[in-house]
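> Build out the structure end to end from the sequences listed, making use of the hints.
For reference, the chains in residue letters:
There are 2 protein chains.
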Amino acid sequence: MAVKAQVLYDFTAEPGNNELTVKEGEILTVTNQNVGGGWVEAQNSRGTVGLVPEDYIEVKTILIISFVFDLTSLYRALDEIRKLCGIIFSSVYSFDEEWDDDSDDGKSTGGYGGSQVEEGGTMQRAGGHSTMKLSLNKFPGFSKTPNPEVYLLTKHIAKGDERLPIYTGEVGPVWLYPQTQLDCVVADPKKGSKMYGLKSYIEYQVTPNTTNRPVNHRYKHFDWLYERLVEKFACALPIPCLPDKQVTGRFEEEFIKMRMERLQGWMSRMCRHPVISNSEVFQLFLNYRDEKEWKLGKRRAEKDEIVGVKIFSNIDPELPELDPAQVEQKYEMYSQFTRSMDNSVKELLAVGHLHWKRCTGPLQKEYRQIGKAFQNLSSVFNTSAYPRESTLTEALTATGKTYEEIAEIVAEQPKKDLHFLMETNLEYKGLLGCFPDTITVHKAAIDKVKEADHVVVMNKISQQDKLIMEKNLSTMSYALQAEMNHFHSNRIYDYNRLMQFYLEEQVKFYETIAEKLKKTLGQYTTM
Amino acid sequence: MAVKAQVLYDFTAEPGNNELTVKEGEILTVTNQNVGGGWVEAQNSRGTVGLVPEDYIEVKTILIISFVFDLTSLYRALDEIRKLCGIIFSSVYSFDEEWDDDSDDGKSTGGYGGSQVEEGGTMQRAGGHSTMKLSLNKFPGFSKTPNPEVYLLTKHIAKGDERLPIYTGEVGPVWLYPQTQLDCVVADPKKGSKMYGLKSYIEYQVTPNTTNRPVNHRYKHFDWLYERLVEKFACALPIPCLPDKQVTGRFEEEFIKMRMERLQGWMSRMCRHPVISNSEVFQLFLNYRDEKEWKLGKRRAEKDEIVGVKIFSNIDPELPELDPAQVEQKYEMYSQFTRSMDNSVKELLAVGHLHWKRCTGPLQKEYRQIGKAFQNLSSVFNTSAYPRESTLTEALTATGKTYEEIAEIVAEQPKKDLHFLMETNLEYKGLLGCFPDTITVHKAAIDKVKEADHVVVMNKISQQDKLIMEKNLSTMSYALQAEMNHFHSNRIYDYNRLMQFYLEEQVKFYETIAEKLKKTLGQYTTM
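Residue numbers (full-length UniProt numbering), protein chains in the order written: chain A, 1 to 527; chain B, 1 to 527.
Heads up, none of these hints are tricks.
The list treats identical chains as one, so a pair stands whether inside a single copy or across any two.
Calculated lysine to aspartate or glutamate pairs in the EDC-like style (CA-CA distance at most 16 Å, straight line):
1) K519 x E505
2) K365 x E347
3) K365 x E404
4) K518 x E504
5) K518 x D417
Calculated from the structure, these hints are not laboratory results.
What follows is the structure in structure tokens.
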């Protein structure tokens, strides 16, 4: 299937690097999305193939949908053939429309074994940054970064229901947190089918702790929710990407398990967010009672007007107005922090990736070799015909087997501890990848307010307008502060939990090995 | 210093493998002894350089000795200069004559880091096999393998003092073991000097448990003892090589410590042998009272007539005579066993070597990186200005430091456990390398006895002679059996002790790490 992409910015190829020079607006055919290192391989209309930075292009989703329709026609045709021939079509043709663009290229998700994780590109849906860019581009009236001016000059006052208050908590400005925290369980993936059984899909059961009543959702519903959340909130709140469609497993079971685990992580994070979890669209997703309610709710959500920078109109900080200098200082601090943390998380992922590979590769092999060597020595000793041999040879064989067991323990360990560490850090990498875009909206607002004096002089806006802009900038800054405090509190919770879990498993790992070795040690004769 | 070597067997180079075709008797210049894999790089007289199997050549020690004399002249010249100029020569020129042929090429003995150990060549004095070959060549009257005929036809009856009885023990034929086992401590290396202080050497204190009176010996004295033992016993008892002269340390202290440790191992093994420990030359080495006694004893030992195959004349098995078929069967069994064990020991050494390198190389680096990554994350978290940060950042820093400590523990561990495993296996490799030559003497004896019938027919020997030969062959076989039983009993003792020590240290290693991780785990907030 050909994936088309539109070029967002001009890019000039560096000679000799196998790169492709592209112009803004040009349409490319993506020939390889798994190049890694932030690059994709693409072909231009003249047939030239080369590498393009993935952040410079926007994949055209519309073409994927048209492909789905093509497949649908194909299924209809196949069904006609089936009826005519009476041949039983098995699940060989089991496509889910949400899988249509998943190419199972045999990569395992279990081991962080491929370069995609290290490079950080494809593990997150089309790369952290570009997703946000892509989504922000959908905001009506903006071509690139959403223009905060639309909001800065409004005197809009938040209505009761949609009002997003910010309070002063112990840690500074905070969102209004609900009395009981929403959570949900994503479980029980079931295969459903359509199109006379030719087209199958996976439906996950999502059960919120509030109603305890499960609702069923397919990946494409999660994706729809994600799109709505980005549209509505991404200027104020970084919306982490959904687990990537590109994630593939060697086995369907492995793939489904991995996707479910990641959807759970994503949903839990959304549930924990006081603004998101309380939003109408999110509540709809968790609580709809029947198909009709779901469809009506969907239509309503898609027509929501308070999206993009307009979301700031709903924010109501009951706090003293900040002057632009304070706003800029905060902005710089958050910008710096999220950048540094992004680097640090990537470092941890790279190290974890290396360690994973070492444990499942050379270390496992080495412990197996050690085990083999002891067992071989034992076999040789057994041929000595010397009458006092058996205690030693039995102990040696047991030692050899113990080291073989250790080899397997070492190779299995990453799944037990490193997996969670990697998953959490991947989540954070995704989340941190959204911050630059969110923060850019704030930067643009600061710049607008800085320009305001000049604009007032030119009589384009009134002094009154300027004061409104400063008040609104202060509101935006409070939103960013509340969001950062939410992020910090979650981060501390997550990393505290993560590190404890990791260390507990590591302790068990070393203790298990010590115990096994102690047991084999007991088999030798004490002298 | 050019090392010369004589080719022992024809060798035809395989094309394209960088090998050198050589003829028996040809003299080569060794250009690189550290090629590994059982090969050395050498240059022939026509200047062609290529690889030759190390077992196919014999390094010419005579050339090394002439080099010693050259150095001696140099010292004399230097001393003249010193006297003339009044310049103080420090220990910069501190050569021991036993070190003269040690080139300190910066290799560490601590880590089995070079290829020489893996391949097993240079760690043992000129390679296990060739040493024995070289020594056996010194026996008067034999060009290659000592000719057992000299003994087979003797009617010599062992005299009281020199008699080496063989009894039937629980495990079969055994040597006569002393009531208390001899042992000694090699300790307290001291620098002595000669040649006006320009020439220094190391003297070790050797204290036997019998007299508890220390005697001083330099490496060259050990070497002299080794030569005597080979001359006298090597046809019947494999005499393990002395720790190699070639072993070099980055630091003099490291070198001396390593050599002392290995001399201790060698001496303990000799002490444990009932025949060797009881021999006049060995007793002299441990018990001489003054320089005069030592020098007289040395002269006596050098004039000993009962050397080579003649040693069998002293052996007196008080056991029923074996027929040649039984002898051959035993021979085959021992030959097979020692070969298999040699392979198995080499496998263990290779695996141990790999593991050593992994622990001190990539694993240490990786744990350091993990430690660094946690600490970096902690540093980033510290910049958040979020008020509830400190518990997590402190715990994260402690975790990072713990992983850095683990890195050092991992890198130090081989010295604690693998070192002893490697040393013991190296000792056994040396010992097993001597068996083929010892066993070859027996094989030659079997062949002679097989030929005997034919020789009797040709009236070259009498029927009576033939019976003597068979009786003597039986005696040789008992000697081999007693020696093998000695070997087995030592082997079981050594490997039992070794494995227990190794596993104890391994258990401690894993427990220490678990303990450290548990401690850092306690620093996180319980939620």
